[in-house]
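So the sequences go chain by chain: A, B, C, D and E.
Start counting the first sequence at 1; every next residue gets the next number (this note's numbering).
Start counting the second sequence at 1001; every next residue gets the next number (this note's numbering).
Start counting the third sequence at 2001; every next residue gets the next number (this note's numbering).
Start counting the fourth sequence at 3001; every next residue gets the next number (this note's numbering).
Start counting the fifth sequence at 4001; every next residue gets the next number (this note's numbering).
Honestly, the hints are just simulated from the structure, not real lab data.
Keep in mind that the hints are not guaranteed to be accurate.
Within a straight-line C-alpha distance of at most 16 Å, the following computed EDC-like cross-link-like pairs (lysine to aspartate or glutamate) qualify [as the list claims (entries may be wrong)]: (1) C:Lys2168 x D:Glu3079; (2) A:Lys271 x A:Asp105; (3) B:Lys1168 x C:Glu2072; (4) A:Lys234 x C:Glu2072; (5) A:Lys242 x A:Glu173; (6) A:Lys138 x A:Asp105; (7) C:Lys2168 x B:Asp1269; (8) B:Lys1168 x D:Glu3079; (9) C:Lys2168 x E:Glu4127; (10) A:Lys33 x A:Glu6; (11) A:Lys205 x A:Asp34; (12) A:Lys271 x A:Asp281; (13) A:Lys205 x A:Glu30; (14) A:Lys242 x A:Glu88; (15) B:Lys1168 x E:Glu4127; (16) A:Lys109 x A:Glu88; (17) A:Lys234 x C:Glu2221; (18) A:Lys205 x A:Asp195; (19) A:Lys33 x A:Asp202; (20) C:Lys2168 x E:Glu4079; (21) B:Lys1168 x D:Glu3127; (22) C:Lys2168 x D:Glu3127; (23) A:Lys234 x C:Asp2269; (24) B:Lys1168 x E:Asp4052; (25) A:Lys242 x A:Glu170; (26) A:Lys138 x B:Glu1221; (27) A:Lys25 x A:Glu212.
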Amino acid sequence: ADAPKELKLDWAYWNPVSLVIKDQKLIEKEFEKDGVNVRWVQSAGSNKALEFLNAGSLDIGSSAGSAALLGKIHGNPIKSVYVYSRPEWTALVTRPDTGIKSVADLKGKSVAVTRGTDPHIFLIRALADHGLTEKDVKFVLLQHADGRAALSRGDVDAWAGLDPILASAELEENAVLFFRKPDYNTWGVLNVREDFAARHPDTVKRVIKVYEQGRQWALANPDKLVALLATQAKIPEAVARKQLTERTELTHNAIGRPQYDTILAAGEALKQAGVVDAKVDVAGTLDALIDPSFSSGLAGT
Amino acid sequence: MSTTDTLIAPPPAARTPLSRRWLARLPLGLVLPVVLALGWELAVQSGLADGRLVAPPSRILATLWALSEGFELWRHVQATLARVAVGFLLGVVAGTLAGALTGYSPLARRILDPSLQGLRAVPSIAWVPLFILWFGIFEESKIALIAVGVFFPVYLGVLGAIVSIDRKIIEVGRVARLSGAGLFRRILLPAILPAYLLSLRSGLGLGWMFVVAAEFMGASEGLGYLLLDGQQLGKPDQIVAAIIAFAVLGKLTDGLLAGASAPLLAWQDTYRKP
Amino acid sequence: MSTTDTLIAPPPAARTPLSRRWLARLPLGLVLPVVLALGWELAVQSGLADGRLVAPPSRILATLWALSEGFELWRHVQATLARVAVGFLLGVVAGTLAGALTGYSPLARRILDPSLQGLRAVPSIAWVPLFILWFGIFEESKIALIAVGVFFPVYLGVLGAIVSIDRKIIEVGRVARLSGAGLFRRILLPAILPAYLLSLRSGLGLGWMFVVAAEFMGASEGLGYLLLDGQQLGKPDQIVAAIIAFAVLGKLTDGLLAGASAPLLAWQDTYRKP
Amino acid sequence: MLHIDHINKTYPNGAEALRGVDLALEAGRIVAIVGGSGCGKSTLLRLAAGLDQPSSGAIRVDGEAITAPHPAVGIVFQEPRLLPWLTIAQNIGFYIADLPAAERRERTDWALARIGLAAYGPRWPRELSGGQAQRVAIARSLVAHPKVLLLDEPFSALDAFTRASLQDALLDLWQAQRPTLVIVTHDVQEAVALSNRVVVMQPEPGRIHSVLDFSLPYPRDRLADAFVRAERQVLQALDSSLAQPGRSPRPRREAPLQDPPLPALLPSHLIAV
Amino acid sequence: MLHIDHINKTYPNGAEALRGVDLALEAGRIVAIVGGSGCGKSTLLRLAAGLDQPSSGAIRVDGEAITAPHPAVGIVFQEPRLLPWLTIAQNIGFYIADLPAAERRERTDWALARIGLAAYGPRWPRELSGGQAQRVAIARSLVAHPKVLLLDEPFSALDAFTRASLQDALLDLWQAQRPTLVIVTHDVQEAVALSNRVVVMQPEPGRIHSVLDFSLPYPRDRLADAFVRAERQVLQALDSSLAQPGRSPRPRREAPLQDPPLPALLPSHLIAV
Ligand SMILES: Nc1ncnc2c1ncn2[C@@H]1O[C@H](COP(=O)(O)OP(=O)(O)OP(=O)(O)O)[C@@H](O)[C@H]1O
Ligand SMILES: Nc1ncnc2c1ncn2[C@@H]1O[C@H](COP(=O)(O)OP(=O)(O)OP(=O)(O)O)[C@@H](O)[C@H]1O
Ligand SMILES: [Mg+2]
Ligand SMILES: [Mg+2]
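Build out the structure end to end from the sequences listed, making use of the hints.
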């Protein structure tokens, strides 16, 4: 099939591979000979990337797996075709002086959280694991950075944090990460608009090929990756290092069963929390969302 | 030369035929939104347009209806309305006092005005982290933020109107040897009243706008929350429903304000009442 | 009775002593921000306050300095300035035309005004999804959104000022048998000029405010972007630096607008010039 | 030229400003209107200028009913109503904006000189004295050469000499172009000096009390017997119009004035001459 | 009482409104100021009222230099300047807001009746005729019982009879309280009828041309020889003040006026009486 005239991609601080690709102009090189005009758009968060996809302002965009599911549930015509990372970007945090040691201690306490994001799902699942529900704690809905401020001011007792703010709170304020669970993070996935995938399947495959290139480079050059993120996002290197080396696995690529399971569990948790309507068929939606065909042939690591 | 519906046309005299008087009572303001809504509904129904991103009115009504069952919409409206009301009052008082002070005293103007004019340009969202720091994340900070939004148009309106009052009118006050609060209450305020009421309406509009930023700060109810929730979770119907709620409430409160202030302007010698 | 620095005090006559004239030239507007900045710096330096969330001026200056090395700050400022400029122009033109139309024709007012007054209350962020849909995420939509912010204060200002013009003045225009554009250009516009310029300044302020929402739409440069980036990545210094940039640019552009329009108001018979 | 047919005008607040007023003004006539304060003179002029609508009755210019200002009818308002954002020269040129710039310029310059304000062209209205502003307002309407010119107390703020000069200017215009002039005035001598017909109005409700015609030769000698007689006639009509039954009593001195002991006059050296 | 010492006033635009004006007004005196249009009369009154500052010279009330309005000095402006947001009654009570409500009420009612507008208390200023507004403006200043009252062409918009009635009201006040009255007027007869001293000013620059003192007994007989002589004296001074060398030539008729052929008079049945 023919390549499109223009290719609209996103990049984001929480998608390190995209930083590499954009920095090294890998996409531009790949599509140079086809005369494709490449347009980079920054996504400030999963919801932004999904919004842009929904409006046709992006062809291919990155998001957390659970966010992609939510988008799909609300009618966003996308497919998830590739995994660029397995991040552990969220954890439950408290101040040293609150005495909170485990999730069970949260009973009756207030927790800052951003609704609908991975930390939100993470919090709900963590509570469920410890026999608690949303009603046992007081949710305070705040944007990520504001949650951190509220925590350090003492307005809330805990915070469902997100990197890199999480890492910097950890480094600068000795915030205590009292609950971590990598499995409850829902992957970083690449989404493509359905009509774009149908019209330009080759292009999607070639983008995934480039992503693989970038991912391999990132794996080979961890220090350079840290430096890249630190300069691009203007965050301290220590924060970037903590985020990338301690909490991000870049060793996955093909989308399939593991992603399906994690996202399904997240979807059920969201349903329980009332973020997703009880009538929604999560599994069915997920079937429509995840399309392994574009990345099935890829070799691991 | 000019049609009968223009400002310069003769004012409605006794000759106005019945049909026109009947027309005058029609809520013509509803025509535009209703026509647009029907048009969009038809376009979507007939498949001419895709209603996925902007839902057709039927679906928005369904969303509103779903939200208002269990009084959820009402809860959001109430929360926001209460915040806007208190924030508006505070903002108006502060804006009026500050505008009066700087309008009255050139020294105060030269000291305060440049800073205030600068802060006027700071977007609502930019205040969020600072307000969290200063006032915490509870009701105080939300109300304070809304008050900030209201403050600036009122301040600018009062100041600007005071410095352009006709000298002749001020002199009457000076002959009565008014100064300070007396001059403000008996001359400056009434003289700027039309402009002042306009600035209140402008401020009210900004109060509504600042609600979203305010409800960024740890709200779990309110229209701003509804909007943000819709955006974050990608629920277009809810977004449009929130927009419509904002527009309806904005129009209602503005109409209330304009209506309540109309008697205060009965003395105006304008060509035709608004 | 009244101090010499009040509005009702005698205008500066030839008797003004030298020291006062010297005072008159002092940029007093800088006093307040400088005092606040120094106070904060001292408080943080002496350990009285915690400068982590609101950085002391020295650190903010360092941030600004770091941003302006490699001209990055300049790039952001330029991007935003360009958007605000174009959006402001569009908003002013649209607001003036709409305000003139509804101010002039009661029929147009009854049809259009209620809808516009409603939309006025819709927060900037609420427009984002719709504007993405209508205009995409590139420059058009950003400019359009800023224009929307500018539109409403200008519209309200023009409409409100037109309907409260003194009948006596309009009659002079009627005797000259002006109508439509002629009446607007030769009577209504100059008569509302002070209020109009005020509404332009109000609109400009809103233009700056809408920048953030505009740069929500997939920007990677601009002051709004800088602010959002700082908030999302939790960089308080950058947030405060962006706020300061907004305030400084807001004040500069407002001052420019006020200064440029001052000669247009030379005819005003006010007690003392602003 | 201008026909006013059985006009009533009641303001929205219920004030009956005019009741059953008929008046016909042929081309080239000079009519003066005199009457007590509040007897509807300004209202009548505003109606004739098409600025307001009568409650009943009609006004026609050359047979054509008018509901809006008519190109042939000019008016000088009771207040100067200069446009504050225009200079004096621009104000005078306001009604003739359609003319070629050169002609406008010429007429404006002529008018500025004629009202004795030749050097005032570039000033703002706020920089004028009361009488100067009134003169500018008159000039503004004169330069438009209207076929009917309505003047509402045009000379009230002028001293006797400036007033005479402007009366002359008005009569010059009349002689050159023969417009119909309607002059509202409180100065009975002025009414007789300028007009061939004096309409005396009476208040509450405003209506016409009597119409007095004179045909004295121009230029009129204010000391001539006929002139003084005409003057006295108008004054008497005015007096009787204000003493009409049904009107609230004309306010009168409460007690006869006693000659008060005057303070000693100031020594003249205290007065600069 | 009021001393004006060698005052100069030049406006920011360079207009020299007053040059070297000296004037002393003892308590209880009635002074009239007459002069050509633009000769600085209003400027002088504004300075005396403390509303503007002289460029040089000083104004003292009872020895106290004034730089702001003085409680003992009231002024009636050349325009009515009613506050549009107050009713007529409220406007009249504006300067006496400090008085107890009952007394304010009483004075307001008295004034409304005295100016013949008893029923107009609750109206808005925009609903008044020009002369009615002027009467309200006079009443507003009268009720404050100032020790010095400056009146700038107070009766210019009134017909002869209403004018006489208000002159009476002013003289009544004077007789009861003996304020110093300064009346600017263009009506020479009025100046002579009211005052014991007439100050004639002359324009460009504004200054005092001459000061004429009379001591005619009150009530004054306008037909008495002494009155007519005084009147003529003032008129002559006025004429000579306007013909001063150095002044731009007084505008005069351009050509001698020809008696024009008058149109035939209207048949009287067309005119309603
Ligand atoms: N605000 C002002 N700025 C500049 N010049 C002014 C101002 N006010 C008055 N003048 C000028 O000063 C002179 C005196 O004005 P003033 O109003 O005192 O005259 P006046 O004697 O009251 O005249 P009139 O009888 O026409 O009211 C005039 O030539 C006028 O043009
Ligand atoms: N806009 C208005 N609304 C209500 N009543 C009005 C209005 N204008 C004038 N009147 C009333 O109508 C009557 C006639 O007013 P008009 O102005 O015609 O009088 P006039 O003869 O011009 O008096 P003057 O000599 O005082 O100017 C007055 O009693 C006045 O109070
Ligand atoms: Mg009148
Ligand atoms: Mg004057």
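Cross-check of the supplied hints:
About 9 Å separates the Cα atoms of Lys2168 (chain C) and Glu3079 (chain D), which keeps this hinted pair within 16 Å; it holds. For the suggested pair Lys271 (chain A) and Asp105 (chain A), the alpha carbons sit about 24 Å apart, so the restraint of at most 16 Å is broken. As the CA atoms of Lys1168 (chain B) and Glu2072 (chain C) are separated by approximately 53 Å, the hinted pair breaks the 16 Å bound. With a CA separation close to 12 Å, the supplied pair Lys234 (chain A) and Glu2072 (chain C) stays within the 16 Å bound.
With a C-alpha separation of about 15 Å, the suggested pair Lys242 (chain A) and Glu173 (chain A) falls inside the 16 Å cut-off, and the hint holds. Note on Lys138 (chain A) and Asp105 (chain A): the hinted pairing holds, with a Cα-Cα distance of about 13 Å set against a maximum of 16 Å. Annotation: proposed proximity of Lys2168 (chain C) to Asp1269 (chain B) holds, straight-line Cα distance about 8 Å (limit 16 Å). Using a Cα cut-off of 16 Å, the hinted pair Lys1168 (chain B) and Glu3079 (chain D) holds, with the two alpha carbons roughly 15 Å apart.
Among the hinted pairs, Lys2168 (chain C) with Glu4127 (chain E) is consistent with the structure: their alpha-carbon atoms are about 13 Å apart, no more than 16 Å. Under the criterion of a C-alpha separation no larger than 16 Å, the hint pairing Lys33 (chain A) with Glu6 (chain A) is consistent with the structure, at around 13 Å. Proposed proximity of Lys205 (chain A) and Asp34 (chain A) is supported: the alpha carbons are some 15 Å apart, at most 16 Å. Distance check on the hinted pair: Lys271 (chain A) and Asp281 (chain A) sit about 10 Å apart at the alpha-carbon level, within 16 Å; holds.
Proximity of Lys205 (chain A) to Glu30 (chain A) is assessed by CA-CA distance (about 12 Å); at most 16 Å being required, the pair is judged to hold. Between Lys242 (chain A) and Glu88 (chain A) the alpha-carbon distance is near 11 Å, which keeps this suggested pair within the 16 Å criterion. Simply put, Lys1168 (chain B) and Glu4127 (chain E) have alpha-carbon atoms about 20 Å apart, too far for the 16 Å limit, and the pair is violated. Proposed proximity of Lys109 (chain A) and Glu88 (chain A) is contradicted: the alpha carbons are some 24 Å apart, above 16 Å.
Between Lys234 (chain A) and Glu2221 (chain C) the CA atoms are separated by roughly 14 Å; this keeps the pair inside 16 Å, and the hint holds. For a cut-off of 16 Å, the pair hint linking Lys205 (chain A) to Asp195 (chain A) stands: about 15 Å separates their Cα positions. Restraint check: the Cα-Cα separation between Lys33 (chain A) and Asp202 (chain A) comes to about 15 Å, which is no more than 16 Å; the hinted pair holds. This hinted pair checks out: Lys2168 (chain C) and Glu4079 (chain E) have alpha carbons roughly 15 Å apart, not beyond 16 Å.
Distance check on the hinted pair: Lys1168 (chain B) and Glu3127 (chain D) sit about 13 Å apart at the alpha-carbon level, within 16 Å; holds. Restraint check: the Cα-Cα separation between Lys2168 (chain C) and Glu3127 (chain D) comes to about 20 Å, which exceeds 16 Å; the hinted pair is violated. For the suggested pair Lys234 (chain A) and Asp2269 (chain C), the alpha carbons sit about 54 Å apart, so the restraint of at most 16 Å is broken. For the suggested pair Lys1168 (chain B) and Asp4052 (chain E), the alpha carbons sit about 12 Å apart, so the restraint of at most 16 Å is met.
A hinted pair counts as satisfied when its Cα atoms are at most 16 Å apart, and Lys242 (chain A) with Glu170 (chain A) qualifies at roughly 10 Å. Of the pairs offered as hints, the one joining Lys138 (chain A) and Glu1221 (chain B) holds, with about 14 Å between alpha carbons and a cut-off of 16 Å not exceeded. Between Lys25 (chain A) and Glu212 (chain A) the alpha-carbon distance is near 14 Å, which keeps this suggested pair within the 16 Å criterion.
This entry does not satisfy hints 2, 3, 15, 16, 22 and 23, going by the numbered hints stated previously.
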